[in-house]
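For the protein sequence lines, the chains are X and W, in the order given.
Residue numbers for the first sequence follow this note's numbering, so the first one is 1 and each next one is one higher.
Residue numbers for the second sequence follow this note's numbering, so the first one is 1 and each next one is one higher.
Please keep in mind that the hints were generated in silico from the structure rather than gathered at the bench.
Each hint should be verified, as a subset may be incorrect.
Straight-line Cα separation of at most 20 angstroms, EDC-like style, residue types lysine to aspartate or glutamate; simulated pairs [to be verified]:
#1 W:2 / W:26
#2 W:2 / X:77
#3 W:52 / X:77
Calculated from the model, a selection of chain X residues having no Cβ within reach of chain W, i.e. all distances over 10 angstroms [unchecked claim]:
#4 32
#5 58
#6 77
#7 87
#8 102
#9 112
Every residue gets a Cβ at the ideal spot worked out from N, C-alpha and C, and that includes glycine.
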Amino acid sequence: MSSTRYVVNREDDPGIGHYSDPPLLVLASLAGGPKHGHAMIEDIRALCGTRLGPGTLYGAIARLEQQGWIEPLAPEERRRPYRITAEGAAFLRAKLTTLQQVSKAGLGRLEAQ
Amino acid sequence: MKPRLAHLLLQLYPRAWRERYGEEFEALLQAERGGMRNELGAVLNVAGAALKERFSPAPVVARGLGTVAGPTSVLALARMPSAFLPLAMSLTASAVLAGHLLLFGIAREADEGATAHIWQILMGGQIPILAVFAIKWLRREPKLAAKVLLLQVGAALISVTPVFLLNL
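Looking at chain X on its own, in the form it has when it is part of the complex (with noise of 0.2 angstroms):
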């Protein structure tokens, strides 16, 4: 699931390197509690420095709720919280302990050279 996106970079990155699977970011974002949009952007970009774009964002939102990972709450005034599923809990933590494999892996192989 890819979509287009922009991102923000830092000023010791030179602007490869960012975490960039929007579904997935969705779900991280969400594992820390509900949030509407604008609150998923900001906690996004904190957590890997990515912003998503508001196309982005509603990309994988869509996809992320017909796929049943992740259920609208009431709206506030004009904006609507979403929070993960236990489906979604459960990709979520898949796919990161597959990401945390990997992670370790090349670190290790990094240290080894």
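Fit chain W to the given chain X structure using the hints.
For chain W alone, coordinates are given in the frame of chain X:
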């Protein structure tokens, strides 16, 4: 972002998507802050995402029902531009042909006239639209899309058959 621009950008999305996410998405766009550069980035981002929704849409979940909102009948699907345009083009081509036959009879002309060119443009022009329809809808709604495709092919045959039978 100015409410008017946010509203305009929302119109780029398919109707089903707008009905489901429109209000909250517009509120998010209006909350976008930053200079011209940020705003331009957001506009391009939304335009790209809307284009993706049009050509490779995520099935939209109806609010509170947990069901997929999409065309549920042949008639509903036939109202999509890529469905009715080929039908309209075939019917127009048939009408142009019928008008020509009524006015000039079935005599074959040595040189192709304006009628022939209009007919060819209408029939040839619908091929890419048909392809877009097939690619987009056969995956999502195979049965409904097959029925609409049958209608489209039928309308095209109605227009093509007299041309070949009468050797026009």
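Here's how the hints hold up against the structure:
1. W:2 / W:26: OK: residue 2 of chain W and residue 26 of chain W at ~10 angstroms, within 20 angstroms.
2. W:2 / X:77: holds, 18 angstroms
3. W:52 / X:77: violated, 28 angstroms
4. 32: Per Cβ check, residue 32 of chain X is outside 10 angstroms of chain W; nearest 19 angstroms; holds.
5. 58: violated, 5 angstroms
6. 77: Non-interface label fails for residue 77 of chain X: nearest chain W Cβ at 8 angstroms, not farther than 10 angstroms.
7. 87: Answer for residue 87 of chain X: holds, closest chain W Cβ roughly 13 angstroms.
8. 102: Residue 102 of chain X clear of chain W: closest Cβ-Cβ about 27 angstroms, beyond 10 angstroms.
9. 112: holds, 41 angstroms
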